[in-house]
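Number of protein chains: 2
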Amino acid sequence: MKILYVDKHAIKEAFKNGEINVVVFGLGKLGLPLAAVIASKGARVIGVDINERLVERINNGENPLPNEPGLGELLSRVVGEGKLIATTDWEKAVKKGDVYIIIVPVVVDSIGKPKLDIIFDVVEKISLGLEKGDIVIIETTLPIGTTRRIAKILEERTGLKCGEDFGVAHAPERTMSGRMIKDITGSYFKVVGADDERTLEAVGAFYEMINSKGVIKVKSSITAEAVKVFEGVYRYVNIALANELAIYAEKKGFDVMEAIRVANTQPYSHIHVPGAGVGGHCIPVYIRFVLYDALENRISLQLMDAARRTNENMPLHTVLLTVKALNEIGKPVRGSKVLIVGVAYKPHIREYYNSPAFRVIKELREMGAELFVYDPIATDEDLGKLFNVPRWKGDNVDVAVILTGYPEFAEMIYEKKVQVKAIVDGRRLLDPEKVRSLGYVYKAIGLGL
Amino acid sequence: MKILYVDKHAIKEAFKNGEINVVVFGLGKLGLPLAAVIASKGARVIGVDINERLVERINNGENPLPNEPGLGELLSRVVGEGKLIATTDWEKAVKKGDVYIIIVPVVVDSIGKPKLDIIFDVVEKISLGLEKGDIVIIETTLPIGTTRRIAKILEERTGLKCGEDFGVAHAPERTMSGRMIKDITGSYFKVVGADDERTLEAVGAFYEMINSKGVIKVKSSITAEAVKVFEGVYRYVNIALANELAIYAEKKGFDVMEAIRVANTQPYSHIHVPGAGVGGHCIPVYIRFVLYDALENRISLQLMDAARRTNENMPLHTVLLTVKALNEIGKPVRGSKVLIVGVAYKPHIREYYNSPAFRVIKELREMGAELFVYDPIATDEDLGKLFNVPRWKGDNVDVAVILTGYPEFAEMIYEKKVQVKAIVDGRRLLDPEKVRSLGYVYKAIGLGL
Chain A
8 MKILYVDKHA IKEAFKNGEI NVVVFGLGKL GLPLAAVIAS KGARVIGVDI
58 NERLVERINN GENPLPNEPG LGELLSRVVG EGKLIATTDW EKAVKKGDVY
108 IIIVPVVVDS IGKPKLDIIF DVVEKISLGL EKGDIVIIET TLPIGTTRRI
158 AKILEERTGL KCGEDFGVAH APERTMSGRM IKDITGSYFK VVGADDERTL
208 EAVGAFYEMI NSKGVIKVKS SITAEAVKVF EGVYRYVNIA LANELAIYAE
258 KKGFDVMEAI RVANTQPYSH IHVPGAGVGG HCIPVYIRFV LYDALENRIS
308 LQLMDAARRT NENMPLHTVL LTVKALNEIG KPVRGSKVLI VGVAYKPHIR
358 EYYNSPAFRV IKELREMGAE LFVYDPIATD EDLGKLFNVP RWKGDNVDVA
408 VILTGYPEFA EMIYEKKVQV KAIVDGRRLL DPEKVRSLGY VYKAIGLGL
Chain B
8 MKILYVDKHA IKEAFKNGEI NVVVFGLGKL GLPLAAVIAS KGARVIGVDI
58 NERLVERINN GENPLPNEPG LGELLSRVVG EGKLIATTDW EKAVKKGDVY
108 IIIVPVVVDS IGKPKLDIIF DVVEKISLGL EKGDIVIIET TLPIGTTRRI
158 AKILEERTGL KCGEDFGVAH APERTMSGRM IKDITGSYFK VVGADDERTL
208 EAVGAFYEMI NSKGVIKVKS SITAEAVKVF EGVYRYVNIA LANELAIYAE
258 KKGFDVMEAI RVANTQPYSH IHVPGAGVGG HCIPVYIRFV LYDALENRIS
308 LQLMDAARRT NENMPLHTVL LTVKALNEIG KPVRGSKVLI VGVAYKPHIR
358 EYYNSPAFRV IKELREMGAE LFVYDPIATD EDLGKLFNVP RWKGDNVDVA
408 VILTGYPEFA EMIYEKKVQV KAIVDGRRLL DPEKVRSLGY VYKAIGLGL
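Chains as they are written, first to last, in my numbering: chain A, 8 to 456; chain B, 8 to 456.
Just chain A, with the same shape it has in the complex (with noise of 0.2 angstroms):
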């Protein structure tokens, strides 16, 4: 099936008939739902891994995200349709293909360089198996101008021209942990760019199979790498512009927290919630895109920078909150005990990537505090080679440093099960009238009250 060169209904009725050969790299988070969406929906589909455990698992039906509703039974139907296949092996697998999807994950090294190894690792993968006709598509979420990198690559190591013989084109996964299958069947709108104009239809074509909600076509590939950054950096500019209020509210001796909730009953007013720290693998990661490249380019994108700088003292900010915190009870931070509260850098997640715990545990141990853990979804095995610090076992501590803002431990502070002094709050998880009333002392971000 040489989908670049057939119509928009033939590709459509070839792929619920099982004629389109869809080859997926990576098997994770993402690209695991992804797989197991497209091929419930007719394409054949064989996942490439490099995991091979996560690869027998899947190939006996397993599903390795419990959390996400919805794939344990899409899995097992389309593993056991023999719809979806699992492989480590990439050479026999880009044979196979008509339609290539590159989900692997891209992050950012310590001076927010992208690595782009790994995708450009599968694209000479790729570029193995290559034939006219063929399409390759990049759902990972990259900097400006990779796809036209992609494209480049494959044109020299195939010697065949892209937008003739083969097409190339971004369509950014839009999606969140814990509801993959919605969001990947119809959440929002279906983002597709591509520099050719039979790619974007071919391409187009194929997204309308799988999203319910529609795609939109952009002009390039350019635009559409632009569209998914731009919704990670307005996020990430907006935390930052909620910390600095926040910053401002502790100086001026007001809750940050109180004028934002009303500020936000005008309609035009989205100020965001500010906190100890951006974590994760997509909001802190890709305005590093954007500012490596202004870095590199010469572009002067003083805006992002500040905010990169806001959201980076965030974790220091919270060290100096827990100083005071302490300092209100008499005590140094050498041979205090700290209980630091969640290592995640989202409840129930369990993803350490940018947790501003890193930056608070190494601060607060560089002061000789006395450390411990309390996160319900880290294994004792993360704290220990993560984070070097005990899980906490309920001994008393003179301060907890909230970095997560587990529901669960606001319970046992308003049940008084926690024995400490002070609590710091870096992410607003509790009421502080609510808390001071139980005799705690209580500081939190943006809290100048």
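One should not assume that every hint holds.
In this list, chains with the same sequence are indistinguishable; a pair is considered to hold if it fits within one copy or across any two.
[Stated by the list, open to error] DSS-like, lysine-lysine: derived pairs with alpha carbons at most 27 angstroms apart: (1) K120 x K258; (2) K259 x K120; (3) K120 x K428; (4) K132 x K338; (5) K392 x K338; (6) K15 x K392; (7) K258 x K159; (8) K122 x K132; (9) K120 x K99; (10) K344 x K428; (11) K353 x K226; (12) K159 x K441; (13) K259 x K168; (14) K226 x K331; (15) K139 x K23; (16) K226 x K259; (17) K168 x K19; (18) K220 x K48; (19) K258 x K122; (20) K90 x K23; (21) K159 x K259.
Since the hints were made in silico from the structure, they are not lab data.
Keep in mind the model is a prediction, meaning the values are calculated, not measured.
With chain A fixed as given, assemble chain B onto it according to the hints.
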């Protein structure tokens, strides 16, 4: 009627029965509609303004704000019934008030220092009539902390005690030109903040008579100030973000408007629209309240300050696009005929405060351009006195620079009624493909194509 000493229900009864005397300071575009609405709900209103001609017109039942739907009928009714009397005689007026409302404008000087002298002057006047049980309400948007300064001035001048003998509250207007009556009577919740419970309750009851949507009482006058300032800061910073994304798009080769529009199909994304500059009395002013305070008190607010720099650079960026457009038609700026489209900061609103036209005109004039203005709302006097640029009579020009998004100008372009070779679009008023297909050279903010 000493409203500080009676309960909610008594206030509402008295309001309805015309037993509350309200003195409104400032009968401009914000104050006059407010005065009329209050009078229409029952209270007796004396409106004070220094503009004799305005006072006379109001007392004749004339409507000086014809663009405010509903105001004309309201005014002729409340003036006819003797419920609203306008006066310049503040000495008489201040003897009569139970409630004093201040709604005179606050602007900032050239380095961003808020000019509060008009407010403090009104406060001094009120102090001469303030009696036990009276309440002073400031509706003007204020730098954070100003309400408390006003309370202190009143205490010093009268020897009375705020919160016991009299009350001071901040109840920021949340209105837009052209929809004042609707906004005052209930587009949004009315936000009320005071530093004592009694004043808060009384002022809450007062506004419940006016605003059908309801009243939100916040913890302090500072919080109420922050709410209103935050709404403006959110918009200002997000316009700066849109501008920075626009600059980035110009460098990278895509149309920022397409990326923004598509990004905003995601419900969490509310990216704003870039433009040639942020004008008016609100959005570019409130951010200055915060930044000046930060400067004075050595609070580092780098994000908001970067937003200011980004937005304040946009007129210059528009000049740069103009130079490029002229260059593309082979012309230097010197001697070129440049049509400035719009000097009002918003279409059809005859206001020029912070209009980007000032800077754009200055720069182009310094480079030797011959300038003309198209602006259907600006009078010849405005053009002469404020801008020293003649009105365009339809002469041939080299480039049109759109600074105000007049839809009628777009029509003139599409109908080829403007003899011009190049267009610079500082408001993304025009459709790029359509304009170019008509043969114009077209440059626009954020259009990297």
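- Query: For K259 vs K120, is the C-alpha pair at or below 27 angstroms within one copy, between two copies, both, or neither?
  - Reply: between (38 angstroms within a copy, 18 angstroms between copies)
- Up to 27 angstroms between alpha-carbons, please classify K159 paired with K259: within, between, both or neither. between (55 angstroms within a copy, 17 angstroms between copies)
- Between the shortest in-copy and the shortest cross-copy C-alpha distance, which are at most 27 angstroms for K344 and K428: within, between, both, or neither? within (11 angstroms within a copy, 73 angstroms between copies)
- Message: With identical chains, the pair K220 and K48 could be close in the same copy or across copies; at 27 angstroms between alpha carbons, which is it: within, between, both, or neither?
- Response: within (15 angstroms within a copy, 48 angstroms between copies)
- Message: For K259 and K168, with the copy left unspecified, which applies at a CA distance of at most 27 angstroms: within, between, both, or neither?
- Response: Between. Shortest inter-copy distance 23 angstroms satisfies the 27 angstroms Cα cut-off; intra-copy 62 angstroms does not.
- If the cutoff is 27 angstroms on CA atoms, where do K258 and K122 land: within, between, both or neither? Let me know, please. Classified as between; 22 angstroms across copies, 39 angstroms inside a copy.
- Measure nothing new, just compare the shortest in-copy and cross-copy C-alpha distances for K168 and K19 to 27 angstroms and report within, between, both or neither. Intra 25 angstroms, inter 78 angstroms, cutoff 27 angstroms: intra-copy only.
- Message: As a check of your reading, is K90 near K23 (CA-CA no more than 27 angstroms) within one copy, between copies, both or neither?
- Response: Classified as within: same-chain Cα gap 12 angstroms, cross-chain 74 angstroms, threshold 27 angstroms.
- Given a CA cutoff of 27 angstroms, do K132 and K338 count as a within-copy pair, a between-copy pair, both, or neither? neither (59 angstroms within a copy, 52 angstroms between copies)
- Query: For K120 vs K258, is the C-alpha pair at or below 27 angstroms within one copy, between two copies, both, or neither?
  - Reply: between (35 angstroms within a copy, 19 angstroms between copies)
- Query: From the Cα coordinates, with 27 angstroms as the cut-off, is the pair K392 and K338 best called within, between, both, or neither?
  - Reply: So K392 and K338 fail the 27 angstroms test inside a copy (29 angstroms) and across (66 angstroms) alike.
- From the Cα coordinates, with 27 angstroms as the cut-off, is the pair K120 and K99 best called within, between, both, or neither? neither (32 angstroms within a copy, 70 angstroms between copies)
Going down the numbered hints, you'll see the structure goes against 3, 4, 5, 6, 9, 11 and 12, while the others check out.
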